[in-house]
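Engineer: Next come the chains, spelled out residue by residue.
Protein chains: 4
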Amino acid sequence: MNTFGDNFRVTTWGESHGKALGAVIDGCPSNLPISEEDIQNELNRRRPGYSIFSTPRKEEDKLEILSGIFEGKTTGTPISGLVFNKGQKSKDYSKIKNTPRPGHADLNYFLKYGNYDYRGGGRSSGRTTIGNVIGGAVAKKLIEFTHNIKIIGYSTKIGKINGDFDYYKNPEFFESNSNIEKLFEKIENNPLRCPSKNSDEMKDYVLDAMDKQDSVGGIIEIIIKGIPQGVGNPVFNKLEGKLGSAFIGINAVKGFEIGRGFESSELYGSEMNDSYYMNKDSIKGKTNNTGGIIGGISTGSPVVLRVSIKPTPSISKIQESVNLISNENEKIEIGGRHDPIIVPRVIPVLESMAAITVADLMISSGYIDPCRI
Amino acid sequence: MNTFGDNFRVTTWGESHGKALGAVIDGCPSNLPISEEDIQNELNRRRPGYSIFSTPRKEEDKLEILSGIFEGKTTGTPISGLVFNKGQKSKDYSKIKNTPRPGHADLNYFLKYGNYDYRGGGRSSGRTTIGNVIGGAVAKKLIEFTHNIKIIGYSTKIGKINGDFDYYKNPEFFESNSNIEKLFEKIENNPLRCPSKNSDEMKDYVLDAMDKQDSVGGIIEIIIKGIPQGVGNPVFNKLEGKLGSAFIGINAVKGFEIGRGFESSELYGSEMNDSYYMNKDSIKGKTNNTGGIIGGISTGSPVVLRVSIKPTPSISKIQESVNLISNENEKIEIGGRHDPIIVPRVIPVLESMAAITVADLMISSGYIDPCRI
Amino acid sequence: MNTFGDNFRVTTWGESHGKALGAVIDGCPSNLPISEEDIQNELNRRRPGYSIFSTPRKEEDKLEILSGIFEGKTTGTPISGLVFNKGQKSKDYSKIKNTPRPGHADLNYFLKYGNYDYRGGGRSSGRTTIGNVIGGAVAKKLIEFTHNIKIIGYSTKIGKINGDFDYYKNPEFFESNSNIEKLFEKIENNPLRCPSKNSDEMKDYVLDAMDKQDSVGGIIEIIIKGIPQGVGNPVFNKLEGKLGSAFIGINAVKGFEIGRGFESSELYGSEMNDSYYMNKDSIKGKTNNTGGIIGGISTGSPVVLRVSIKPTPSISKIQESVNLISNENEKIEIGGRHDPIIVPRVIPVLESMAAITVADLMISSGYIDPCRI
Amino acid sequence: MNTFGDNFRVTTWGESHGKALGAVIDGCPSNLPISEEDIQNELNRRRPGYSIFSTPRKEEDKLEILSGIFEGKTTGTPISGLVFNKGQKSKDYSKIKNTPRPGHADLNYFLKYGNYDYRGGGRSSGRTTIGNVIGGAVAKKLIEFTHNIKIIGYSTKIGKINGDFDYYKNPEFFESNSNIEKLFEKIENNPLRCPSKNSDEMKDYVLDAMDKQDSVGGIIEIIIKGIPQGVGNPVFNKLEGKLGSAFIGINAVKGFEIGRGFESSELYGSEMNDSYYMNKDSIKGKTNNTGGIIGGISTGSPVVLRVSIKPTPSISKIQESVNLISNENEKIEIGGRHDPIIVPRVIPVLESMAAITVADLMISSGYIDPCRI
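Protein chains in written order, with my numbering: chain H, 7 to 379; chain D, 7 to 379; chain Y, 7 to 379; chain G, 7 to 379.
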């Protein structure tokens, strides 16, 4: 189904070449101050055309809020927001209409539903994440307004180039809010949203792939700062399980890890366990190998998450596919321009999914009143 | 909450040192032939004491089915199964009663619920996965009986030692059912459930860690063989999202990947995309880099999943913690014997979660009738 | 929350005086032929101003479909439909802004959410049932297209005047589809949607109440014809429980009954039980006292439901209330014109809720494929 | 499915002649003091054999709690409770094995699931309400402990005999807690759980039906006292909708009403609307025609609900049915003794469902902390 969350629920709808795309947000308590601009800002961060590594289609993605906000505040009723599609010009699809693109969900959708929207992936297009970002913008506002929680994302690896900036190289850095604000500015001013010193090297790597008519993936790190202790549930409705499901639900994601993640498989127990100590009146972990979550529940340390993003499947190179009508092998050449890398544009989407997950579990864990704040 | 699944639902209950642990399975269609023995066999696979790397507590874990099966077949009503705890002798907990164990959820539970079951982790104990395995055994039977789907798991890495057997080194191997049966036998006869040639080296690695009073993690690969094309949903209720949530919900899991996973971040689009070709009358992928899932929906190729398991947090070494009464730093020494590695025992649990997820989505995708088979 | 249904889900949003109202329909299988006109027709049936007993505000309620339908058929993706509000002129609310209207949810909303939309009830307005009707129109089409199921509603009582036409007076009548078509025409041509011979008497009753600046209630009967045997579930997700929840969810409904309903409390078991007999090759009930449902599951006989509708709470008479600012008792006089009876306008809304419920349970019971038809 | 509730969830399982029946309660916050005896007392109220109007099968219905309670308090983990079946002697079912009983769900289950438990209805038996009562007992304790809410039920009509005691004849009576305690005692000492002066007349009416080998229905009123203002939600997850779904989910229930219910259809708006006035510092309704709920949300007045209970379908009279093997009409005579009326035994079940619903919505409305109290 197209709904994410149990107590703070986001239902998204819309196709890449339909009339509009949007989301209905249900379960946001009343009295949250929020404006259309707050949400528009987040939409602008994922909009195409914002850097050299993004398709130059200059979609405006202008938000309209149709319900749920009255006199500048949420009312407790569902918030409906949408973006009308503009400039989705009817181009010539005849070449690819019956030839599913490798790496895309075209064939899958066709076999499952008996139809697919050949005009650009329909519901499987990355464009549908507009709904995620609308929902995420409200969730971000809610958790920041009530608990001063910040969510920040950046790339730590592009293709084969490792960056030099990640949480575990800089744990103390993340203890200061002003550091985080400076970091955010740095990220937003970088075309790869990468705060590493060697980001120019990464840039060249992507430019080189563009020359080869190819595409590139990467790794994104998401930090959730300020989440109180106790958010999440044991067993099945875990904080990490919900975050994992949220992130893996983004089509390009092929891997997910928390804290030390895959590296933890190589450590001894005595290396991995975070020792406790008294820090003034509260109990803290000396390290944060666990990434801020144990047994489904937040520890109070920053939550550290990483995802692997596959290279964009749309490439200009000729690829091998089949023709669905003739049932014969057929080469396919996807015209137009494509994002050579979607890592930077996925970042606000992952931040949105993190925000929705945290808002949802903070309501169900009793940290945010479900009716009004 | 303690329920997993939407259409095939497993609700687990019970604590490590309570009277019993169990599961209620709701949504299994009627007419599935199943016996207590089928379920008991799976429970035996996760039972402690089955190898040198598992605690010698010889819990019997004897299953009782109390409802939902009549005259050897499911009836369509909820299946309630449980295991009474035996031999959970009341030992002396006074030393650790007020000192949360690092790496465990003790402190988290205490801060969240205002209580914790100091007798062995209560609900956060690995022992609660008995419920997962009861549910998984029914799900395995359902998907094997109706669609001949097989789920097989094994370790591919122990501590720092990489194995030489995994799906990508042997893709053709997995095309034969008799190969899979032989593989299963090999796995079950190995104390680390590792089919690699160098498993003795891994064994030594674990024995060495035991000598050091330490513990070891590893990586597990789970293959789902025979899943038809079209299982799963776009956007939020994706096959990969549900599997991710299911696996990450197991306490020791710190990372999850599908297909090429984290490696995909290093590939070019032209390397990662699986080309299509006509194989007799059906469309197949030349490779399976995507791991059998695109856009939330199964492609018909084997589903390939990998998880990272952290080292067991219970170790005999002295560790640093705090006393919850005195609010002072305190060393903790956890007595008794512990599993130096839980990787092999987690395998049947992950297989169970995979089976429940697949059963659930096959019902909601219309592959298995929700009422009767 | 604002979502109804589990497998066929309708999420409604919007307020009476907001920018727009609408619904997102999730879980409708692909390939259902449907047009905007199909949905518009149902919206027209609940639109104000269609008879002398309805407010003369001539809202156009023009539907727009923004997603989920491609080339005249559903695609399996969420269907988003909405109606922009027009002519909700900003009138002078100063008199009633702080004085909750008796019989309305104004006070309740204010105390719960700390705000209320004084411009006409906001989310508690009957106008929000536009979303229900959009969802219901799709559901009606789905169950009619796949199983030829018809849902028909009419009033059987207006105020104190009992009608002479209901299911139990005419059980054989409902066995013919052409009878049902004629009945539908008769209902739609009657301002009270009442097929009884004495409907003129009822009309006078309402006119008399209008003269007294008062309002009138009534009883509605809903028949679901053609529902196959086996729809619904035992215990908690029952056909009757879901229908009851759906109907009671409409604000004006204060009572709900199935089959003989409250009358069944007066019968002996030997009178109430429907005997079985062989009718050609199938087993039928001689009577249908149970109203087509036993134990949560449809019997194959027509489903017979009745609801009690309270008189419209908006009346022109002076009423007693309190001022929320001064905390003093205050009289309130609600200006403008109001529906003296909403019974006829509630009928398409109840039909919609019945259709959504039946569609939802037919999918979860395996009668309609969840992916494509 | 077999789960009721969203935030306070009760999953019931078990069949009338299986090994055991029980419930898993998920979402009860930690720190609620509760004993097995608290739950056993409620089970005793619904146990057969407690009066002359109940089958003399003296099932002990001895409760066992297997998880979720530690040192006399809930722990926040799932509470698993069950009752082992005893003395379900294997009697001779050969006469009725293939002949579905009129008024029961036998035929329905058989056609839906391809099997039915001929030994006494299996999952459709009233005996499965043991699970409801286990869940309800915990919910009652939770809402009484945290908010002093009382739920009380009694019969107001037996067969054709109207009682003289109901809420609307005695609204002031219900304002005193000591009155309610006295009322409860009177109810529990009456074999029909009827506090009316003419209950002896009702008793004779049932005895007369027993002589005729027939059965009798009735009407039950349930009062929820002390529920705070604001519980419930607009639109679909309404307090009245949830209560309706909960009550209609009990097999014998054929009608449900709130407040004036069906009578409200006969009233004018000016009669039905409850006027507001200032009562010291709070706003109260002068009357409670609405039954304590408007627009999905509690008003703070007592919640008044009524249900119609059909006569017990099991009667000793010869009835007409069909043989499922021979497909011929066949008479059926159901041997053994049966409850001539189940109205009094249904009362604790309805109270349980009311308690679960209120607990669930108080958690989701922010009145009860979801984690710990």
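Hints are computed from structural coordinates only; laboratory data are not their basis.
Be aware that one or more of the hints could be misleading.
Pairs involving identical chains hold if they fit within one copy or between any two copies, as the list cannot separate such chains.
[Said to hold, decoys possible] The list that follows gives simulated cross-link-like pairs (lysine to aspartate or glutamate, EDC-like), each with its CA atoms no further than 16 angstroms apart: (1) K292 with E181; (2) K79 with D172; (3) K323 with E277; (4) K25 with E70; (5) K175 with D217; (6) K101 with E66; (7) K166 with E77; (8) K209 with E70; (9) K292 with E178; (10) K166 with E70; (11) K231 with D287; (12) K101 with E178; (13) K209 with E150; (14) K231 with D210; (15) K290 with D375; (16) K79 with E42.
Engineer: Now look at each hint and say whether the structure bears it out.
Structural biologist: Hint check:
| no. | hint | in the structure |
| --- | --- | --- |
| 1 | K292 with E181 | within (14 angstroms within a copy, 48 angstroms between copies) |
| 2 | K79 with D172 | neither (37 angstroms within a copy, 44 angstroms between copies) |
| 3 | K323 with E277 | between (46 angstroms within a copy, 11 angstroms between copies) |
| 4 | K25 with E70 | both (14 angstroms within a copy, 10 angstroms between copies) |
| 5 | K175 with D217 | neither (33 angstroms within a copy, 32 angstroms between copies) |
| 6 | K101 with E66 | neither (28 angstroms within a copy, 43 angstroms between copies) |
| 7 | K166 with E77 | neither (50 angstroms within a copy, 44 angstroms between copies) |
| 8 | K209 with E70 | neither (35 angstroms within a copy, 44 angstroms between copies) |
| 9 | K292 with E178 | within (12 angstroms within a copy, 47 angstroms between copies) |
| 10 | K166 with E70 | neither (40 angstroms within a copy, 48 angstroms between copies) |
| 11 | K231 with D287 | neither (20 angstroms within a copy, 43 angstroms between copies) |
| 12 | K101 with E178 | neither (54 angstroms within a copy, 34 angstroms between copies) |
| 13 | K209 with E150 | neither (33 angstroms within a copy, 49 angstroms between copies) |
| 14 | K231 with D210 | neither (32 angstroms within a copy, 41 angstroms between copies) |
| 15 | K290 with D375 | neither (27 angstroms within a copy, 25 angstroms between copies) |
| 16 | K79 with E42 | within (11 angstroms within a copy, 33 angstroms between copies) |
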